[in-house]
Amino acid sequence: IDGEVTAGKLVVFSLFLLLLLHISTVIWIDFFGGSTIGAIFAFYTSVIVGLLIPLPSSAWIRTACVTVFHRAFELINPRCFCLQSGIPRAVPFIDVFFADAMCSLSKVFFDWGMLWHLAWHFPQPVPMELHSIAIPSIAASLPYLIRARQCLVMHTIGRMKGDPKRYQHMLNAIKYSTSLWPLIVSAYQKVVPTEEEKATLENILIILFAINSTYSLAWDIIMDWGMMQNPQNMMPESCAGSAPIGPGGSKTPQSCAHSVLRPRLRFGASTSITILLIDMVLRYSWMLRFWEKDLFPNMDIYILCTQFMEAIRRALWNLLRVEWENIKQNRGKESQEDVEMQEKDPFLPVSAMSMSPRATPQHQQ
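Position 169 (the sequence shown) corresponds to 150 in the working numbering; numbering is contiguous.
Derived from the structure by calculation, the hints contain no laboratory data.
All of these numbers come straight from a predicted model, not from anything done at the bench.
Some hints here could point you the wrong way.
[Said to hold, decoys possible] Label-pair ranges, simulated between beta-carbon atoms: (1) T175 to A296: 38 to 44 Å; (2) A100 to N279: 21 to 27 Å; (3) N279 to C237: 41 to 47 Å; (4) A71 to A100: 35 to 41 Å; (5) P174 to E306: 45 to 51 Å; (6) A115 to E306: 33 to 39 Å; (7) M151 to I8: 49 to 55 Å.
Idealized CB from N, CA, C, for every residue including glycine.
Whole structure, please, built from the sequences with the hints as guidance.
Below, the structure written as C-alpha coordinates:
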(Lines of atoms letter the chains of each structure in order from A and count residues from 1; the text may use other names and numbers.)
(Lines give C-alpha, C1' and ligand atoms only; values in the text may rest on other atoms or scores of the structure.)
Protein backbone atom coordinates (compact mmCIF):
# COMPACT_ATOMS: atom_id res chain seq x y z
CA ILE A 1 0.00 0.00 0.00
CA ASP A 2 1.49 3.34 -1.09
CA GLY A 3 0.11 5.31 1.86
CA GLU A 4 1.22 2.82 4.50
CA VAL A 5 4.06 3.79 6.83
CA THR A 6 6.55 0.93 7.13
CA ALA A 7 9.94 0.48 8.76
CA GLY A 8 11.62 -0.01 5.40
CA LYS A 9 10.26 3.26 4.06
CA LEU A 10 11.42 5.12 7.15
CA VAL A 11 14.96 3.74 6.86
CA VAL A 12 15.18 4.69 3.17
CA PHE A 13 13.76 8.14 3.91
CA SER A 14 16.32 8.67 6.70
CA LEU A 15 19.18 7.76 4.38
CA PHE A 16 17.75 10.10 1.74
CA LEU A 17 17.66 12.96 4.28
CA LEU A 18 21.31 12.36 5.16
CA LEU A 19 22.24 12.46 1.47
CA LEU A 20 20.14 15.59 0.93
CA LEU A 21 21.80 17.28 3.91
CA HIS A 22 25.24 16.57 2.48
CA ILE A 23 24.33 17.71 -1.04
CA SER A 24 22.58 20.89 0.08
CA THR A 25 25.53 21.78 2.33
CA VAL A 26 28.07 21.26 -0.46
CA ILE A 27 26.04 23.23 -3.00
CA TRP A 28 25.27 26.12 -0.65
CA ILE A 29 28.76 26.53 0.79
CA ASP A 30 31.08 25.42 -2.05
CA PHE A 31 29.15 26.64 -5.09
CA PHE A 32 27.28 29.65 -3.73
CA GLY A 33 29.82 30.66 -1.07
CA GLY A 34 27.11 30.78 1.60
CA SER A 35 27.31 30.27 5.36
CA THR A 36 26.60 27.23 7.49
CA ILE A 37 23.34 28.67 8.78
CA GLY A 38 22.25 29.27 5.19
CA ALA A 39 23.01 25.65 4.29
CA ILE A 40 20.92 24.43 7.23
CA PHE A 41 17.93 26.51 6.21
CA ALA A 42 18.39 25.44 2.59
CA PHE A 43 18.12 21.83 3.74
CA TYR A 44 14.97 22.43 5.81
CA THR A 45 13.41 24.46 2.97
CA SER A 46 14.06 21.65 0.50
CA VAL A 47 12.46 19.10 2.81
CA ILE A 48 9.36 21.23 3.48
CA VAL A 49 8.85 22.06 -0.20
CA GLY A 50 9.25 18.39 -1.11
CA LEU A 51 6.62 17.36 1.43
CA LEU A 52 4.15 20.03 0.30
CA ILE A 53 4.24 18.84 -3.31
CA PRO A 54 1.20 16.51 -3.54
CA LEU A 55 3.00 13.53 -5.05
CA PRO A 56 1.40 10.09 -4.48
CA SER A 57 4.81 8.63 -3.64
CA SER A 58 5.23 10.98 -0.67
CA ALA A 59 1.69 10.60 0.69
CA TRP A 60 2.90 8.21 3.40
CA ILE A 61 5.40 10.83 4.62
CA ARG A 62 2.61 13.40 5.04
CA THR A 63 0.55 10.78 6.88
CA ALA A 64 3.47 10.10 9.21
CA CYS A 65 3.97 13.84 9.84
CA VAL A 66 0.30 14.27 10.73
CA THR A 67 0.56 11.35 13.16
CA VAL A 68 3.68 12.81 14.78
CA PHE A 69 2.07 16.24 15.21
CA HIS A 70 -1.06 14.67 16.67
CA ARG A 71 0.91 12.64 19.19
CA ALA A 72 3.08 15.66 20.05
CA PHE A 73 -0.07 17.66 20.81
CA GLU A 74 -1.25 14.90 23.14
CA LEU A 75 1.98 15.24 25.11
CA ILE A 76 1.20 18.83 26.06
CA ASN A 77 -2.57 18.35 26.28
CA PRO A 78 -3.76 18.88 29.89
CA ARG A 79 -4.86 15.60 31.44
CA CYS A 80 -6.96 17.05 34.25
CA PHE A 81 -10.42 18.43 34.87
CA CYS A 82 -9.82 22.14 35.32
CA LEU A 83 -13.46 23.15 35.79
CA GLN A 84 -14.72 20.16 37.72
CA SER A 85 -13.45 17.62 40.21
CA GLY A 86 -12.50 14.16 39.13
CA ILE A 87 -9.65 11.80 38.33
CA PRO A 88 -7.23 12.99 35.62
CA ARG A 89 -7.22 11.12 32.33
CA ALA A 90 -4.71 8.29 32.34
CA VAL A 91 -1.73 8.50 29.99
CA PRO A 92 -2.10 5.79 27.30
CA PHE A 93 0.82 3.58 26.37
CA ILE A 94 1.15 5.17 22.91
CA ASP A 95 1.88 8.56 24.51
CA VAL A 96 4.37 6.99 26.93
CA PHE A 97 6.06 5.23 24.03
CA PHE A 98 6.18 8.42 21.96
CA ALA A 99 7.61 10.48 24.83
CA ASP A 100 10.27 7.85 25.51
CA ALA A 101 11.31 8.06 21.85
CA MET A 102 11.59 11.85 22.18
CA CYS A 103 14.05 11.39 25.05
CA SER A 104 16.46 9.84 22.55
CA LEU A 105 16.12 13.04 20.48
CA SER A 106 17.24 15.35 23.26
CA LYS A 107 20.32 16.37 21.27
CA VAL A 108 18.07 17.23 18.31
CA PHE A 109 16.04 19.56 20.52
CA PHE A 110 19.27 21.17 21.67
CA ASP A 111 20.30 21.73 18.04
CA TRP A 112 16.92 23.28 17.26
CA GLY A 113 17.35 25.67 20.16
CA MET A 114 20.82 26.59 18.93
CA LEU A 115 19.52 26.93 15.37
CA TRP A 116 16.96 29.44 16.59
CA HIS A 117 19.78 31.45 18.17
CA LEU A 118 21.84 31.30 14.99
CA ALA A 119 18.91 32.58 12.96
CA TRP A 120 18.11 35.30 15.49
CA HIS A 121 21.64 36.73 15.49
CA PHE A 122 22.36 36.14 11.80
CA PRO A 123 24.63 37.35 10.21
CA GLN A 124 26.44 38.05 13.51
CA PRO A 125 27.85 35.14 15.57
CA VAL A 126 25.97 33.95 18.61
CA PRO A 127 27.35 35.75 21.70
CA MET A 128 28.62 33.66 24.59
CA GLU A 129 25.95 34.80 27.02
CA LEU A 130 23.76 32.94 29.48
CA HIS A 131 20.61 32.97 27.35
CA SER A 132 22.46 31.55 24.32
CA ILE A 133 23.33 28.49 26.41
CA ALA A 134 20.24 28.27 28.61
CA ILE A 135 17.66 28.23 25.80
CA PRO A 136 19.17 25.27 23.86
CA SER A 137 19.66 23.41 27.15
CA ILE A 138 16.03 24.01 28.13
CA ALA A 139 14.96 22.74 24.70
CA ALA A 140 17.04 19.60 25.23
CA SER A 141 15.36 19.01 28.61
CA LEU A 142 11.80 19.21 27.24
CA PRO A 143 11.45 15.47 26.44
CA TYR A 144 12.51 14.52 29.97
CA LEU A 145 10.19 17.09 31.53
CA ILE A 146 7.28 15.83 29.43
CA ARG A 147 7.96 12.22 30.37
CA ALA A 148 8.37 13.09 34.06
CA ARG A 149 5.05 14.96 33.93
CA GLN A 150 3.38 11.81 32.58
CA CYS A 151 4.76 9.85 35.52
CA LEU A 152 3.45 12.43 37.99
CA VAL A 153 0.00 12.33 36.36
CA MET A 154 -0.11 8.55 36.72
CA HIS A 155 1.11 8.82 40.31
CA THR A 156 -1.74 11.24 41.05
CA ILE A 157 -4.25 8.83 39.49
CA GLY A 158 -2.81 5.97 41.54
CA ARG A 159 -3.03 8.01 44.73
CA MET A 160 -6.67 8.92 44.07
CA LYS A 161 -7.49 5.27 43.34
CA GLY A 162 -5.46 3.91 46.24
CA ASP A 163 -3.07 1.96 44.01
CA PRO A 164 -0.34 0.42 46.23
CA LYS A 165 2.11 0.44 43.29
CA ARG A 166 1.80 4.14 42.56
CA TYR A 167 5.28 4.71 44.01
CA GLN A 168 6.69 3.16 40.82
CA HIS A 169 5.57 6.21 38.84
CA MET A 170 7.38 8.49 41.28
CA LEU A 171 10.54 6.40 40.97
CA ASN A 172 10.22 6.65 37.20
CA ALA A 173 9.88 10.43 37.41
CA ILE A 174 13.05 10.54 39.53
CA LYS A 175 14.80 8.51 36.83
CA TYR A 176 14.00 11.15 34.22
CA SER A 177 15.12 13.88 36.60
CA THR A 178 18.58 12.28 36.66
CA SER A 179 18.80 13.14 32.95
CA LEU A 180 18.27 16.83 33.69
CA TRP A 181 21.22 17.31 36.04
CA PRO A 182 23.89 16.53 33.41
CA LEU A 183 22.23 19.06 31.11
CA ILE A 184 22.32 21.71 33.83
CA VAL A 185 25.95 21.06 34.78
CA SER A 186 27.03 20.89 31.13
CA ALA A 187 25.37 24.23 30.40
CA TYR A 188 26.96 25.84 33.45
CA GLN A 189 30.34 24.41 32.48
CA LYS A 190 30.33 26.52 29.32
CA VAL A 191 30.19 29.81 31.24
CA VAL A 192 32.71 29.21 34.04
CA PRO A 193 35.87 31.34 33.56
CA THR A 194 38.72 29.10 34.77
CA GLU A 195 39.98 25.71 33.60
CA GLU A 196 40.12 24.49 37.19
CA GLU A 197 36.39 25.05 37.62
CA LYS A 198 35.72 23.33 34.31
CA ALA A 199 37.75 20.30 35.44
CA THR A 200 35.80 20.13 38.69
CA LEU A 201 32.49 20.31 36.83
CA GLU A 202 33.73 17.61 34.44
CA ASN A 203 34.22 15.24 37.37
CA ILE A 204 30.75 16.06 38.67
CA LEU A 205 29.37 15.51 35.18
CA ILE A 206 30.92 12.04 35.00
CA ILE A 207 29.34 11.09 38.33
CA LEU A 208 25.93 12.32 37.15
CA PHE A 209 26.28 10.40 33.88
CA ALA A 210 27.13 7.23 35.80
CA ILE A 211 24.11 7.63 38.10
CA ASN A 212 21.75 8.26 35.19
CA SER A 213 23.09 5.36 33.09
CA THR A 214 22.96 2.86 35.96
CA TYR A 215 19.48 3.96 37.08
CA SER A 216 18.17 3.87 33.50
CA LEU A 217 19.71 0.48 32.76
CA ALA A 218 18.18 -1.06 35.87
CA TRP A 219 14.81 0.44 34.98
CA ASP A 220 15.10 -0.85 31.40
CA ILE A 221 15.61 -4.42 32.55
CA ILE A 222 13.30 -4.63 35.55
CA MET A 223 10.41 -2.28 34.77
CA ASP A 224 10.37 -1.56 31.03
CA TRP A 225 11.13 -5.15 29.99
CA GLY A 226 9.76 -7.02 33.02
CA MET A 227 12.94 -9.06 33.49
CA MET A 228 14.75 -10.16 36.67
CA GLN A 229 11.76 -9.16 38.80
CA ASN A 230 11.94 -12.17 41.11
CA PRO A 231 15.24 -12.28 43.07
CA GLN A 232 14.65 -15.94 43.94
CA ASN A 233 14.91 -16.89 40.26
CA MET A 234 18.40 -15.38 40.06
CA MET A 235 19.81 -17.72 42.69
CA PRO A 236 22.29 -20.32 41.39
CA GLU A 237 20.12 -23.26 42.46
CA SER A 238 17.14 -21.85 40.54
CA CYS A 239 19.13 -21.51 37.34
CA ALA A 240 20.76 -24.92 37.83
CA GLY A 241 17.38 -26.52 38.24
CA SER A 242 15.89 -24.50 35.39
CA ALA A 243 12.69 -24.11 37.38
CA PRO A 244 11.73 -20.53 38.16
CA ILE A 245 9.55 -19.99 41.16
CA GLY A 246 6.12 -18.84 40.08
CA PRO A 247 3.03 -17.67 41.95
CA GLY A 248 2.29 -19.75 45.02
CA GLY A 249 5.75 -21.29 45.03
CA SER A 250 5.03 -23.46 41.97
CA LYS A 251 7.83 -24.40 39.61
CA THR A 252 7.69 -24.97 35.87
CA PRO A 253 10.40 -26.44 33.63
CA GLN A 254 12.27 -23.62 31.90
CA SER A 255 15.68 -22.84 30.48
CA CYS A 256 18.22 -20.96 32.58
CA ALA A 257 17.61 -17.75 30.57
CA HIS A 258 13.87 -17.94 31.25
CA SER A 259 14.58 -18.52 34.93
CA VAL A 260 16.76 -15.43 35.24
CA LEU A 261 14.88 -13.10 32.86
CA ARG A 262 11.21 -14.03 32.69
CA PRO A 263 9.16 -17.12 31.75
CA ARG A 264 7.93 -15.70 28.44
CA LEU A 265 10.47 -14.44 25.91
CA ARG A 266 8.72 -14.04 22.58
CA PHE A 267 11.91 -13.13 20.74
CA GLY A 268 13.71 -16.13 22.23
CA ALA A 269 16.36 -16.33 24.91
CA SER A 270 19.38 -15.62 22.69
CA THR A 271 17.84 -12.55 21.03
CA SER A 272 16.63 -11.13 24.36
CA ILE A 273 20.04 -11.60 25.98
CA THR A 274 21.75 -10.00 22.97
CA ILE A 275 19.48 -6.96 23.16
CA LEU A 276 20.07 -6.70 26.91
CA LEU A 277 23.86 -6.77 26.47
CA ILE A 278 23.80 -4.20 23.64
CA ASP A 279 21.58 -1.91 25.71
CA MET A 280 23.98 -2.31 28.64
CA VAL A 281 26.96 -1.26 26.52
CA LEU A 282 25.22 1.62 24.75
CA ARG A 283 23.83 3.03 27.99
CA TYR A 284 27.45 3.83 28.84
CA SER A 285 28.41 5.14 25.39
CA TRP A 286 29.10 8.52 27.01
CA MET A 287 32.36 6.97 28.25
CA LEU A 288 33.72 7.45 24.72
CA ARG A 289 34.38 11.05 25.81
CA PHE A 290 37.52 9.71 27.53
CA TRP A 291 38.93 8.61 24.14
CA GLU A 292 37.25 11.24 21.99
CA LYS A 293 40.49 12.70 20.56
CA ASP A 294 41.94 9.25 19.88
CA LEU A 295 38.90 7.77 18.13
CA PHE A 296 37.26 10.70 16.36
CA PRO A 297 38.74 13.38 14.08
CA ASN A 298 36.53 16.14 15.52
CA MET A 299 33.68 16.84 17.92
CA ASP A 300 31.01 16.70 15.19
CA ILE A 301 31.92 13.12 14.23
CA TYR A 302 31.89 12.12 17.90
CA ILE A 303 28.39 13.57 18.40
CA LEU A 304 27.12 11.98 15.17
CA CYS A 305 28.48 8.60 16.24
CA THR A 306 26.87 8.75 19.68
CA GLN A 307 23.56 9.75 18.12
CA PHE A 308 23.66 6.76 15.79
CA MET A 309 24.38 4.49 18.75
CA GLU A 310 21.44 5.98 20.66
CA ALA A 311 19.17 5.38 17.65
CA ILE A 312 20.26 1.73 17.57
CA ARG A 313 19.78 1.37 21.31
CA ARG A 314 16.31 2.87 21.20
CA ALA A 315 15.26 0.65 18.28
CA LEU A 316 16.30 -2.49 20.17
CA TRP A 317 14.80 -1.16 23.41
CA ASN A 318 11.48 -0.73 21.60
CA LEU A 319 11.30 -4.44 20.75
CA LEU A 320 11.38 -5.64 24.34
CA ARG A 321 9.30 -2.70 25.61
CA VAL A 322 6.41 -3.44 23.24
CA GLU A 323 6.76 -7.16 23.94
CA TRP A 324 6.44 -6.64 27.70
CA GLU A 325 3.50 -4.25 27.31
CA ASN A 326 1.72 -6.82 25.13
CA ILE A 327 2.35 -9.54 27.71
CA LYS A 328 1.00 -7.35 30.52
CA GLN A 329 -2.15 -6.42 28.62
CA ASN A 330 -2.84 -10.01 27.59
CA ARG A 331 -2.20 -11.34 31.08
CA GLY A 332 -5.55 -10.08 32.37
CA LYS A 333 -7.41 -11.51 29.39
CA GLU A 334 -5.77 -14.91 29.81
CA SER A 335 -6.55 -14.94 33.54
CA GLN A 336 -10.20 -14.16 32.79
CA GLU A 337 -10.36 -16.96 30.22
CA ASP A 338 -8.88 -19.38 32.79
CA VAL A 339 -11.55 -18.43 35.33
CA GLU A 340 -14.37 -18.87 32.81
CA MET A 341 -13.08 -22.32 31.76
CA GLN A 342 -12.67 -23.38 35.38
CA GLU A 343 -16.28 -22.43 36.10
CA LYS A 344 -17.38 -24.73 33.25
CA ASP A 345 -15.23 -27.67 34.42
CA PRO A 346 -13.78 -27.14 37.91
CA PHE A 347 -11.95 -30.49 37.81
CA LEU A 348 -9.53 -29.36 35.08
CA PRO A 349 -6.28 -27.69 36.22
CA VAL A 350 -5.81 -24.14 35.06
CA SER A 351 -2.65 -25.02 33.09
CA ALA A 352 -4.61 -27.56 31.05
CA MET A 353 -7.24 -25.00 30.09
CA SER A 354 -4.95 -22.21 28.97
CA MET A 355 -4.10 -21.90 25.27
CA SER A 356 -1.44 -19.25 25.93
CA PRO A 357 2.27 -19.88 25.33
CA ARG A 358 2.71 -19.78 29.10
CA ALA A 359 1.10 -23.22 29.35
CA THR A 360 3.28 -24.88 26.71
CA PRO A 361 7.03 -24.76 27.29
CA GLN A 362 7.78 -25.38 23.62
CA HIS A 363 6.34 -21.97 22.74
CA GLN A 364 8.53 -20.14 25.24
CA GLN A 365 11.65 -20.23 23.17
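Each hint, compared with the structure:
no.: 1; hint: T175 to A296: 38 to 44 Å; result: holds, 42 Å
no.: 2; hint: A100 to N279: 21 to 27 Å; result: holds, 24 Å
no.: 3; hint: N279 to C237: 41 to 47 Å; result: holds, 46 Å
no.: 4; hint: A71 to A100: 35 to 41 Å; result: holds, 39 Å
no.: 5; hint: P174 to E306: 45 to 51 Å; result: holds, 49 Å
no.: 6; hint: A115 to E306: 33 to 39 Å; result: holds, 36 Å
no.: 7; hint: M151 to I8: 49 to 55 Å; result: holds, 52 Å
Hint compliance for this structure: no hint is broken.
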